[in-house]
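**Q** Working from the sequences, and respecting the hints, build out all of it.
Chains as they are written, first to last, in my numbering: chain A, 1 to 222; chain B, 1 to 76.
I should point out that these hints are in silico values taken from the structure, not numbers from a laboratory. Cβ coordinates follow ideal geometry from the N, Cα and C atoms, glycine included. Incorrect hints may appear among the rest.
[What the hints assert, rightly or not] Stretch-level coverage of chain B by chain A, calculated; a stretch enters the list once three of its residues show a Cβ under 8 Å from a Cβ in chain A:
no., region
1, 15 to 28
2, 64 to 70
[Said to hold, decoys possible] Listed below are the simulated BS3-like cross-link pairs for lysine-lysine, each with C-alpha atoms no more than 25 Å apart in a straight line:
no., chain 1, residue 1, chain 2, residue 2
3, B, Lys-40, A, Lys-109
4, B, Lys-40, B, Lys-2
5, A, Lys-34, A, Lys-73
6, B, Lys-40, B, Lys-10
7, B, Lys-10, A, Lys-109
[Unchecked claim] Here are the simulated distance ranges between beta carbons:
no., chain 1, residue 1, chain 2, residue 2, range
8, A, Ala-74, B, Leu-46, 30 to 36 Å
9, A, Lys-34, B, Gln-17, 45 to 51 Å
10, A, Ala-74, B, Glu-57, 54 to 60 Å
11, A, Gly-10, B, Val-41, 21 to 27 Å
12, B, Leu-76, A, Leu-108, 30 to 36 Å
13, A, Gly-41, B, Thr-66, 33 to 39 Å
14, B, Leu-76, A, Tyr-56, 22 to 28 Å
15, A, Thr-206, B, Glu-57, 44 to 50 Å
16, A, Ala-106, B, Arg-61, 27 to 33 Å
17, A, Lys-109, B, Thr-66, 38 to 44 Å
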Amino acid sequence: MRAAVIVFPGSNCDRDLAVALRAAGIETEMVWHKDTSLPEGIDLVGVPGGFSYGDYLRCGAIAATSPVIRAVKAHADRGGYVLGVCNGFQILTETGMLPGALLRNAGLKYICRTVPLVVGTEDSVFTSAYATGEELQIPIAHHDGNYIADAETLSRLAGEDRVAFTYGDNPNGSVHDIAGILSENRRILGMMPHPERAADPGHGGTDGKRLFAHLAETLATA
Amino acid sequence: MKARVHVMLKDGVLDPQGEAVRHALGAMGFDGIEGVRQGKVIELDLADGTSEDRVAEMCERLLANTVIESYRIEVL
Numbered sequence: 001m002r003a004a005v006i007v008f009p010g011s012n013c014d015r016d017l018a019v020a021l022r023a024a025g026i027e028t029e030m031v032w033h034k035d036t037s038l039p040e041g042i043d044l045v046g047v048p049g050g051f052s053y054g055d056y057l058r059c060g061a062i063a064a065t066s067p068v069i070r071a072v073k074a075h076a077d078r079g080g081y082v083l084g085v086c087n088g089f090q091i092l093t094e095t096g097m098l099p100g101a102l103l104r105n106a107g108l109k110y111i112c113r114t115v116p117l118v119v120g121t122e123d124s125v126f127t128s129a130y131a132t133g134e135e136l137q138i139p140i141a142h143h144d145g146n147y148i149a150d151a152e153t154l155s156r157l158a159g160e161d162r163v164a165f166t167y168g169d170n171p172n173g174s175v176h177d178i179a180g181i182l183s184e185n186r187r188i189l190g191m192m193p194h195p196e197r198a199a200d201p202g203h204g205g206t207d208g209k210r211l212f213a214h215l216a217e218t219l220a221t222a
Numbered sequence: 001m002k003a004r005v006h007v008m009l010k011d012g013v014l015d016p017q018g019e020a021v022r023h024a025l026g027a028m029g030f031d032g033i034e035g036v037r038q039g040k041v042i043e044l045d046l047a048d049g050t051s052e053d054r055v056a057e058m059c060e061r062l063l064a065n066t067v068i069e070s071y072r073i074e075v076l
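**A** The structure is reproduced here in structure tokens:
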């Protein structure tokens, strides 16, 4: 399988994400935000964390208008897989590829620490390595991770089993403790926590590693 | 021509920054502050004849995130 990781000005987890994907055996290319197309044969697009465009206007708002995003949308429309982490999640909500929005953390502080994360559903290629209800330890590092959506969207997310992860101990005020959500076709995952920062024993934890390993395994045979 | 766009969090969306400002004002001794909402103002220098509809389109597509924000356009 092959993956592309998008690099925006201000991305700072792009290399970490690529390292985690490559460690799982996934051939990974970096793609500049001004590119208008993705390399041939890409199965997964990674939208990394960071501070694209300095978080100007709103987190992810400017990145959502960049040329490569049109190609990412076309990839998603064809049924391609997309993983957005942290700023990547913010960008995916700004593009409308995922519902809702991420507001400033309720406590106003930037939070950088490892938090307990509960698997909301094992029914996706991203989460099927885990068991629903399983608790993981995954780092967060964000200032604007306070997920919000209207009541109708929230009931759809719950009803369609699209809440991928919830916080065990809500650090940022997210409604229903939501830390990550899936698209309607379950092929787009946006999450604030950083699985790529828990993908090597040197990170202090490897709970995120299974996500990448399982992705590699599943998509290789798909 | 100029247009000024006011972007505010929608009613019902908690504004933690506004809340922090309210607490700070209270701590400074300003009484009777029942709420503070913080938003942003964006000034646009536009070619003469740009329609308000065009500005509204800019708001819908970029300047405001209508999931959480509302906007008001003032043509100057």
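**Q** Each hint needs a verdict: does it hold in this structure or not?
**A** Right, here's what the structure says about each hint:
1. 15 to 28: Our answer is that it holds, as 3 residues pass the Cβ test (under 8 Å) against chain A, meeting three.
2. 64 to 70: holds (count 3)
3. B/Lys-40 / A/Lys-109: The hint holds at about 20 Å.
4. B/Lys-40 / B/Lys-2: 16 Å, holds
5. A/Lys-34 / A/Lys-73: 15 Å, holds
6. B/Lys-40 / B/Lys-10: With Cα atoms ~13 Å apart, B/Lys-40 and B/Lys-10 stay inside 25 Å; holds.
7. B/Lys-10 / A/Lys-109: 22 Å, holds
8. A/Ala-74 / B/Leu-46: 30 to 36 Å: Once the Cβ atoms are compared, 32 Å apart, the range 30 to 36 Å for B/Leu-46 and A/Ala-74 holds.
9. A/Lys-34 / B/Gln-17: 45 to 51 Å: Check failed, 33 Å falls outside 45 to 51 Å.
10. A/Ala-74 / B/Glu-57: 54 to 60 Å: With a Cβ separation near 22 Å, A/Ala-74 and B/Glu-57 fall outside 54 to 60 Å, so the hint is violated.
11. A/Gly-10 / B/Val-41: 21 to 27 Å: 24 Å, holds
12. B/Leu-76 / A/Leu-108: 30 to 36 Å: 33 Å, holds
13. A/Gly-41 / B/Thr-66: 33 to 39 Å: 36 Å, holds
14. B/Leu-76 / A/Tyr-56: 22 to 28 Å: 23 Å, holds
15. A/Thr-206 / B/Glu-57: 44 to 50 Å: 47 Å, holds
16. A/Ala-106 / B/Arg-61: 27 to 33 Å: Holds - the Cβ-Cβ distance for A/Ala-106 and B/Arg-61, about 28 Å, lies within 27 to 33 Å.
17. A/Lys-109 / B/Thr-66: 38 to 44 Å: 27 Å, violated
Hint check: violations occur at hints 9, 10, 17; the rest are consistent with the structure.
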